[in-house]
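Peer 1: Given only the sequences and the hints, what does the whole structure look like? Please build it.
Each protein sequence line maps, in turn, to chains A and B. Counting from 1, position 159 in the first sequence corresponds to residue 158 in numbering that gives the first Met the number 0; the numbering is continuous, with no gaps. Counting from 1, position 170 in the second sequence corresponds to residue 169 in numbering that gives the first Met the number 0; the numbering is continuous, with no gaps.
Heads up, a few of these hints could be off.
With a Cα cut of at most 25 Å, we get these calculated PhoX-like pairs of lysine-lysine [claimed, not checked]:
id, chain 1, residue 1, chain 2, residue 2
1, A, Lys118, B, Lys117
2, B, Lys116, A, Lys118
3, B, Lys98, A, Lys206
4, A, Lys206, A, Lys138
5, B, Lys135, B, Lys117
6, B, Lys183, B, Lys113
7, B, Lys116, B, Lys98
8, A, Lys205, B, Lys135
9, A, Lys138, B, Lys98
10, A, Lys118, B, Lys98
11, B, Lys135, B, Lys122
12, B, Lys98, B, Lys113
13, B, Lys122, A, Lys118
14, A, Lys205, B, Lys113
15, A, Lys138, A, Lys80
16, A, Lys138, A, Lys118
17, B, Lys135, A, Lys206
18, B, Lys98, B, Lys135
19, B, Lys113, A, Lys118
20, B, Lys135, B, Lys116
21, B, Lys116, B, Lys183
22, A, Lys138, B, Lys14
The following label-pair restraints were derived from C-beta to C-beta distances [said to hold, decoys possible]:
id, chain 1, residue 1, chain 2, residue 2, range
23, A, Phe202, B, Arg186, 55 to 61 Å
24, A, Gly112, B, Gln73, 23 to 29 Å
25, A, Leu207, B, Lys117, 27 to 33 Å
26, A, Gly112, B, Pro65, 27 to 33 Å
27, A, Gly186, B, Ala138, 43 to 49 Å
28, A, Trp46, B, Lys116, 43 to 49 Å
29, B, Thr24, A, Leu199, 56 to 62 Å
30, B, Asp121, A, Thr84, 56 to 62 Å
31, A, Lys206, B, Thr76, 39 to 45 Å
32, B, Thr76, A, Leu60, 26 to 32 Å
33, A, Gln126, B, Ile202, 35 to 41 Å
34, A, Ile203, B, Pro65, 48 to 54 Å
Quick caveat, the hints were computed from the structure, so don't treat them as lab data. Bear in mind that the values here come from a model prediction, so they are computed numbers and not experimental data. Glycine residues also receive a C-beta, built at the ideal position from the N, C-alpha and C atoms.
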Amino acid sequence: MFYNVFLSLTNGFIQTLFIFTATLLGAIPLGVLICICSTASFRPIRWIAKAFIWAIRGTPLMLQMFVILYVPGIIFDIPMKSRMTAVLVAFIINYAAYFSEIYRAGIQSIPAGQFEAAKVLGMTGWQTFWHVCLMQIIKRIVPPMSNEIITLVKDTSLARVIGIAEVVMCAERFTREGIIWPLFFTGIYYLIFVGLLTLLFSFIEKKLNYYR
Amino acid sequence: MTVIEARNIHKSYGKLEVLKGIDLTVEQGEVISLLGPSGGGKSTFLRSLINLESISQGSITICGTPVVIDGEYQHNTYTSQAYRSLGMVFQGFNLFPHKSVIENVTMSQMIVNKASKKEAQDKAMSLLERVNLSDKRDAYPCQLSGGQQQRVAIARALAMNPTAVLFDEPTSALDPLLTSDILKIIRDLAQQHLTMIIVTHEIAFAQNVSDRIVFMSNGSICEEGTPDIIEHPQTAELRSFLNK
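Peer 2: Printed below as a string of structure tokens:
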């Protein structure tokens, strides 16, 4: 019995990890793009990016998943091919919006004096970003990014509402047979994984601690 | 050779005019101190010479290259080389915190001047020796005192072989003991005939180190001349500034 539950939950958790990894791979670069748009000097682009961030942060991720699952089929008559695609698109867009705001805070926290020093030394904008700003930005965004990434681990459980068999959904199946404990047992999976991530993030923070 | 020629520099923030027609010519090897009350436009003027502030009217020529003509900024393909002949030292040091002392000094040599790592490091070490910090080469800025950070910043500016160095209140963030270290280095540079413009509140130092003193107040030059003007001020503004 325990072996069956373990097998089923582990399979579910592989789905969880897949959503987690794919979301990070998509959202980290997409966040950069949104961040560039939301800080652009060309106003219409900035406004569109800000409105987009507002809409994404202002509505539940669950609702966004439903919209992406159904709207293409209803309006454009191209039904979403797979539920997983809908989940990933919704997660990537949602997390990219949050990440972009973290990046923006990181960039804007660099003191003006750093840009001035780079400028009088003759560096171009790109050289300044690459050699002067990037490491300082990364150091500053690691703690808030860790926070979001840990939230993402648990948000993956939302995918079950449109029928993705991630770990919680797998556990729920057992409740129909009157077995409830697997549902609580899923907590162990999350705790172990978040524990590992926490160790990783504190390692990265320590690595970046060589300067203040 | 004329290093910097600024004519009729005006700058306004909205309705507030902070520079009201400044003229200044700096010859090679000259040391000029800009004195005056806070808010008088000294720093703004200095920063506009190196393109950290934009001016609304006037012309600036650096080492023979016109960078601003009658308020019109020239394209940076023509001006970037000219601006590179100026170095700057800031009140707040502005070292790169994630780079070690030696990296702070080698970085722009390698990125901007395309020097090899070896060349850049040799030069950095000789400059760090000059500012007496060669033993701190691998330290990070946060591990240094303010005075040491400012010495690294001076080495960093000198590493780019500037024709002139602008100092924007280089000792204002330091306590008196550290101030004298920095002033000594600037005095050494003056003896080697490096062209310098120094915004400072250290009147005795300015009198001692400068070839020329320019007294600015309220957005204009009130009085300028040899360091003697400190002993014999002609204008009421300079007299009241010195009596404070």
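Peer 1: What are the numbers of the hints that this structure violates, sorted from low to high?
Peer 2: 6, 14, 15, 21, 22, 23 and 32
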